[in-house]
Amino acid sequence: MSNATNSNEVCQNASIDIKGINKSYGKLQALNNVDLVIEQGTVFALLGPNGSGKTTLVRILTTLLRPDSGSAHVAGYDVVREAHSVRSVIGLAGQYPAVDEILTGKENLEMIGRLYHLGKSVARARAKELLNRFDLAEAANRQVKTFSGGMRRRLDLAATLIARPSILFLDEPTTGLDPRSRLGLWEVIAAQAKDCNTVFLTTQYLEEADRLANKIAIIDKGRVLRQGTNQELKECCGGDTLIKVRIADSNKISKASDVLEDLAAGKLVSYPDTGEITIPAINGPSLMPEIVRRLDAHNIIIAELALKPPTLDDVFLSITGHTALENAEAKQNTHITGRDDK
Amino acid sequence: MNIITGSSIMNSLSDIGVMTRRNMLRYIRLPQLLVFNALLNVVLLLLFNYVFGGAIQTGGIAYIQYFLPGFMVQTVVFGSTQTSVGLSEDLAKGMIDRFRSLPISRLAFITGRVITDAVRYAVLITLMIIVGSIMGFRFENGIMPVLSGIGLTILFGIALTWVGVFIGISVKDVETAQVAGFVWVFPLVFASSLYVPIETMPSWLQVFSNINPVTPMVDTMRALSLGGSISASLWKTLAWDAAIILIFLTLALRRYKSIGQ
Ligand SMILES: Nc1ncnc2c1ncn2[C@@H]1O[C@H](COP(=O)(O)OP(=O)(O)OP(=O)(O)O)[C@@H](O)[C@H]1O
Ligand SMILES: [Mg+2]
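Chains as they are written, first to last, in my numbering: chain W, 1 to 342; chain H, 343 to 603.
Where hints are given, some of them may not hold.
Ranges between beta-carbon positions, derived for each pair [what the hints assert, rightly or not]:
1. H/350 - W/68: 32 to 38 Å
2. W/26 - H/526: 24 to 30 Å
3. H/366 - W/175: 42 to 48 Å
4. W/135 - H/461: 17 to 23 Å
5. W/146 - H/386: 31 to 37 Å
Selected chain H positions facing chain W (in silico; Cβ < 7 Å) [what the hints assert, rightly or not]:
6. 446
7. 448
8. 477
Computed footprint of chain H on chain W; a stretch qualifies when at least three of its residues, placed anywhere within it, have a C-beta under 8 Å from a C-beta of chain H [as the list claims (entries may be wrong)]:
9. 58-64
10. 87-95
11. 121-130
Treat the hints as calculated values from the structure; they're not laboratory data. Glycine is no exception: its CB is placed at the ideal position from the N, C-alpha and C atoms.
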């Protein structure tokens, strides 16, 4: 009856196939021709800033929203025409926890379990197991209205897992979790993928995508800008190293940017407020002497010079010209120079 | 066909059971929801009986005799606005999206709601009969007609609950659901034979009152508890129930499917 897949059973289809999805809310185009293929057994992270269309895509894939055009298959089922079949193999934790405040933690889980058509005793056993796993055993018999925000979020995640879905959709799952719970969730996600299940998560935490996902897509204003493995993204968009230069006199920053611009593999970014310049580079260490020479030749004094591996934030910056967490105002204080085609 | 897609009948019945239990627990854990609703009805009953009772000509019978059968109908009409409030709360809190992502039929989700409301109506009507009896109301027609009258009233309530369901999942927030309920409920209740005989109304209003579904329901109820011919109003009531359920069930299911588009 349940859609449980144990690791020793044969894997069910748990792939996601998205072709040319468009979705508008009135005049606003929330998704613009999105194409993605996610193989089963993958942890996939959709990375994008506020309003980029992450939730909209999750809602389409979980049958809550119809696309205007294009098609999507989840576990081989069409999300519009075979919505009911899709629902029986997925678990969804939306951006905001949806748990019943009047019911207790345990009752919430059992209710969702029963609605996935697990038998009564299976639902009860599963609820107990998950309450333990999510550190909610003590609060199990309390009404959810007495739960803290993080507890609700954890209960919501537990509810999502109750029927062992083969595809898990998590919309910004770690928002509102303390570091300990966040680590716990990361373990759950990793375990999920081991059983050849698929996890589709959205996040604004770059560290999280980097650490959890095998494949990442970057979305901005409804368009998928890049997709690939973490490594591919780093290599394609901003080189394998990031050089950070801080100059002593921040008034000279535009001069310094001009001088260094052609060394950048992606977009060079300067921060006039702090006198910092970041240069994405291929084979960074070999460029260090050249940077020192060039700045020295223009009498620009270096206060700090460092090399670091690029994070996804840097990747995002190098592709979109603004960081994932930055809003429009902050953007005005950042100057980006370099080729636009990158 | 479309309504029970995929899941078997057994699953649907189990879903309805689970949803009903969930809604029932709401009334058990938050008894104030029901208690204040009941109190309001008792207060209205007392007020109307003692304030207007003396002034309204009801052709010789005591006002409570004329009025209480209709008042039971009013209880369910007002009661159906609560349905909207409950559902719009579920919508606002994301519960409806949670349920929509589960492999349950749309009909199961909403039916659970409707069953809970039917039970609520039964409780309220029983209370009205008890209070009414204390105030001097007597069934002059025996117990069977009374029970059938109560059954018909609950059925009428169920029909109107579908209207409440549709409004509940169509409006944007809980406050709107509350106000939206009153907009359609007040004309139905007051421009009918519920409080005053229709003949006392201006003729243009009589036109509305005569087609108002509350009128045949109240007339049926009155005939069942006091005696008199019922067949015409009974058929009208049943026809209205069927029409309202058919129209609003369709609208509600369609709306449920496209929430958030
Ligand atoms: N129901 C709606 N009606 C109108 N516009 C909407 C609706 N839902 C989303 N939008 C708009 O669509 C765009 C994409 O929204 P979406 O919620 O998918 O973004 P997101 O990437 O999930 O953002 P966040 O990180 O803030 O959750 C936004 O500009 C948003 O304002
Ligand atoms: Mg979102």
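Consistency of the hints with the structure:
Hint check: residue 350 of chain H to residue 68 of chain W, Cβ distance near 33 Å, so the stated range 32 to 38 Å holds. Here the CB-CB span from residue 26 of chain W to residue 526 of chain H is close to 28 Å, well matched to the stated 24 to 30 Å. Between residue 366 of chain H and residue 175 of chain W the CB atoms are about 33 Å apart, so this pair departs from the stated range of 42 to 48 Å. The hinted window of 17 to 23 Å between residue 135 of chain W and residue 461 of chain H is violated, with their beta carbons roughly 37 Å apart.
Residue 146 of chain W and residue 386 of chain H have their C-beta atoms about 35 Å apart, which keeps the hinted 31 to 37 Å range intact. Evaluation of the residue 446 of chain H hint against chain W yields a held restraint, the C-beta minimum of about 5 Å falling below 7 Å. Taken as an interface hint, residue 448 of chain H does not check out: its beta carbon lies about 10 Å from the nearest beta carbon of chain W, beyond 7 Å. Annotation: interface hint on residue 477 of chain H violated; nearest CB of chain W at approximately 35 Å, more than 7 Å.
Counting residues of the stretch 58-64 of chain W whose beta carbon lies closer than 8 Å to any beta carbon of chain H gives 4, which meets the minimum of three for the stated coverage. Judged by the Cβ-Cβ criterion of 8 Å, the stretch 87-95 of chain W is covered by chain H as claimed, because 5 of its residues qualify and three suffice. As drawn, the stretch 121-130 of chain W meets chain H at 0 residues by the rule of a beta-carbon pair under 8 Å; below three, the given contact is violated.
Of the numbered hints given earlier, the model fails hints 3, 4, 7, 8 and 11; all others are met.
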